[in-house]
Amino acid sequence: MEHWYLPITIIPGIGLLILSTSNLMVALSDELDKLITNCKDDNLISRKLKQLKLLNRAMIYFYIAVFLLLISGVIAGINQSYKIATYLGVCAIAVATFGLVSLIIYSTRSVNIHQNQFKNRSN
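All letters in the sequence shown, in the order written, are residues 19 to 141 by the numbering used here.
Mixed in with the good hints, there may be bad ones.
Label-pair ranges, simulated between beta-carbon atoms [claimed, not checked]:
(1) Tyr23 <-> Val129: 36 to 44 Å
(2) Thr104 <-> Gln135: 41 to 49 Å
(3) Ser140 <-> Gly95: 53 to 61 Å
(4) Glu49 <-> Ile122: 14 to 22 Å
Using 25 Å as the maximum straight-line C-alpha spacing, the simulated SDA-like pairs for lysine to any residue come out as follows [unchecked claim]:
(5) Lys101 <-> Phe85
(6) Lys137 <-> Leu50
(7) Lys66 <-> Leu118
(8) Lys137 <-> Ile54
(9) Lys68 <-> Ile78
(10) Lys68 <-> Ile82
These are calculated hints, taken from the structure and not from any lab test. All values derive from a computational prediction rather than experimental measurement. C-beta atoms are modelled at their ideal positions from N, C-alpha and C, and glycine is treated no differently.
Let the sequences and hints guide you as you build the complete structure.
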C-alpha cells in the first residue's frame, strides 16, 4: 500500500486533543479539590465529578483511536492488506468522533454549570 502512512498522519491531531483534554482534567480536578474543601454544595460537586468522568471517557476514546491508527498503519505497511487497514482506520475515526462528541457534551454542560454557579452567587 503506497499510502500506509496516512493513518499515522492523523495521530498528531488526536495527540493535541489528548493534551488539551488532559489540561481540562487537571483544571477540573483542581477546581473539585477547592470545592470539596470549601463548599458544602454536594449537587455542584456531583455535577463536576460527572464532568470529570466525561473527560476521562473522551481520553479513553482518543487513546483507542491512536492505537487503531497505529495498527492500521503497521498492517498497511507490512502486509499491504488494504481492507483491514481501511477498516481499522475508519473504526479509529469513528472512535475519535465519539471522543469529540464527549467533549461537545462536556462543553455544553460546563457552560450550564457555570451559569448556575453565577446565578447562585447573585442570589
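Right, here's what the structure says about each hint:
1. Tyr23 <-> Val129: 36 to 44 Å: Given a distance of about 39 Å, which is inside 36 to 44 Å, the answer is holds.
2. Thr104 <-> Gln135: 41 to 49 Å: Cβ of Thr104 to Cβ of Gln135: about 46 Å, so the range 41 to 49 Å holds.
3. Ser140 <-> Gly95: 53 to 61 Å: Cβ of Ser140 to Cβ of Gly95: about 59 Å, so the range 53 to 61 Å holds.
4. Glu49 <-> Ile122: 14 to 22 Å: Since Glu49 and Ile122 have Cβ atoms about 20 Å apart, the given range 14 to 22 Å holds.
5. Lys101 <-> Phe85: 17 Å, holds
6. Lys137 <-> Leu50: 19 Å, holds
7. Lys66 <-> Leu118: 19 Å, holds
8. Lys137 <-> Ile54: 20 Å, holds
9. Lys68 <-> Ile78: Measuring from Cα to Cα gives roughly 15 Å; hence the hint holds.
10. Lys68 <-> Ile82: 21 Å, holds
Consistency with the previously given hints is maintained throughout, with no hint failing.
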